[in-house]
Amino acid sequence: GAGVSQSPRYKVAKRGQDVALRCDPISGHVSLFWYQQALGQGPEFLTYFQNEAQLDKSGLPSDRFFAERPEGSVSTLKIQRTQQEDSAVYLCASSTRLAGGYVQSYNEQFFGPGTRLTVL
Amino acid sequence: KNQVEQSPQSLIILEGKNCTLQCNYTVSPFSNLRWYKQDTGRGPVSLTIMTFSENTKSNGRYTATLDADTKQSSLHITASQLSDSASYICVVTFGVQRGTASKLTFGTGTRLQVTL
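Heads up: the protein sequence lines correspond to chains E and A, in order.
Each residue of the first sequence is one higher than the one before, counting from 9 in my numbering.
Each residue of the second sequence is one higher than the one before, counting from 6 in my numbering.
What the hints contain is simulated information worked out from the structure, not anything from laboratory work.
Since this is a predicted model, take the numbers as computed values, not measurements.
Hints are supplied without guarantee of correctness; some may be wrong.
To be verified - Restraint-style ranges between C-beta atoms, simulated for each label pair:
1) Ser58(A) - Ser66(E): 24 to 30 Å
2) Leu47(E) - Leu16(A): 14 to 20 Å
3) Glu59(A) - Leu128(E): 44 to 50 Å
4) Glu20(A) - Ala61(E): 44 to 50 Å
5) Leu128(E) - Ser58(A): 29 to 35 Å
6) Glu93(E) - Ser58(A): 38 to 44 Å
7) Glu10(A) - Ser66(E): 41 to 47 Å
Stated by the list, open to error - Here are the computed lysine to any residue pairs in the SDA-like style, where the Cα-Cα straight-line distance is at most 20 Å:
8) Lys65(E) - Phe99(A)
9) Lys62(A) - Glu116(E)
10) Lys65(E) - Thr84(E)
11) Lys19(E) - Gly46(A)
Ideal placement from N, C-alpha and C gives every residue a C-beta, glycine not left out.
Taking the hints into account, I'd like the entire structure generated from these sequences.
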């Protein structure tokens, strides 16, 4: 089956513009994560969904960042009024969940190729 | 301060040579440690994952070691190939809570270049 896919792969936005980044997780994966990766740095956690519920959004840098996963599959990360410091690669990852509802930390996270956002 | 530090930042080696990448972490409580390979323009791909009770884990030419007492890990690459050129990222998981997913703390990575 296909892995995690993201679109667009590249996005150039003018400062102040709104953008929407899409993530299609692996089919059947319950957990979905968004990460921000600045140039030359490791990814940093933004937010986490379990099905349609956003259980952790502690990593979102400001209220201009908003993520949703309304039907528990595809997710969209929206950035309003983009700023230059938002320029980064945005990675999406998905993982399975053990039966019974307990997510083992050992669960593999499968990453998409990322969306490279450049804000001019 | 990043809780996962990696060294060196970059490394150039000749094809066929071995190399070792280092990772030191301060994340607590510690759950597991992973090494990822990230090719340019791609998402990270898992190489190994170890719990705190494991000392070593191999995946082909990649061997990871873990010393939970000193909070150090290494990734050894044997007989390097041109395709090994990538960033290698050490990732530590901490604080697993029931009903939530693990939160990963990423190092900044070591950029490896294998040349002829």
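Against the structure, the hints:
Between Ser58(A) and Ser66(E) the CB atoms are about 29 Å apart, so this pair conforms to the stated range of 24 to 30 Å. Restraint check, Leu47(E) to Leu16(A): a C-beta distance of roughly 19 Å satisfies the suggested window 14 to 20 Å. In this structure the supplied range 44 to 50 Å holds for Glu59(A) paired with Leu128(E), their Cβ-Cβ distance being about 47 Å. For Glu20(A) and Ala61(E), the hinted distance range of 44 to 50 Å is satisfied, since their beta carbons lie about 48 Å from each other.
Checking the proposed 29 to 35 Å range against Leu128(E) and Ser58(A) shows it is violated: the Cβ atoms sit about 49 Å from each other. In this structure the hint that Glu93(E) and Ser58(A) lie 38 to 44 Å apart at CB holds, the actual value being about 41 Å. Between Glu10(A) and Ser66(E), the C-beta spacing of about 22 Å breaks the proposed range 41 to 47 Å. Distance hint between Lys65(E) and Phe99(A) is fulfilled; the C-alpha atoms sit about 17 Å from each other, no more than 20 Å.
Proximity of Lys62(A) to Glu116(E) is assessed by CA-CA distance (about 15 Å); at most 20 Å being required, the pair is judged to hold. Note on Lys65(E) and Thr84(E): the hinted pairing holds, with a Cα-Cα distance of about 14 Å set against a maximum of 20 Å. Distance restraint check for Lys19(E) and Gly46(A): the Cα-Cα separation of roughly 14 Å lies within the 20 Å cut-off, and the hinted pair is therefore satisfied.
Going through the hint list in order, the structure does not satisfy hints 5 and 7.
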